[in-house]
Amino acid sequence: MSYKIMAINAGSSSLKFQLLEMPQGDMLCQGLIERIGMADAQVTIKTHSQKMAGKPSPLPIIAMR
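Residue numbers (this note's numbering): 267 to 331.
There could be a bad hint or two in this list.
[What the hints assert, rightly or not] Calculated cross-link-like contacts (lysine to aspartate or glutamate; reagent style EDC-like; alpha-carbon spacing at most 20 Å):
1) Lys-282 with Asp-292
2) Lys-270 with Glu-287
3) Lys-312 with Glu-287
4) Lys-270 with Asp-306
5) Lys-270 with Asp-292
6) Lys-312 with Asp-292
Everything labelled a hint here was simulated from the structure, so no lab data went into it.
Work out the full structure, taking the sequences as your base and the hints as a guide.
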């Protein structure tokens, strides 16, 4: 039986994530959101077949306080 696990690493102005297919541990996708709360926030998403590198976020990414 397979299942998925999402690992998240949240920092003060960035968020990293990875989605894994278990139990084999294959990476389905991973990503990074940088400069959260700033006008120049960037979103990077990578799948096993494609990478969208450093695209500006189409919407503001707002940090909650």
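Broken hints, by number: Structure breaks hint 4 only.
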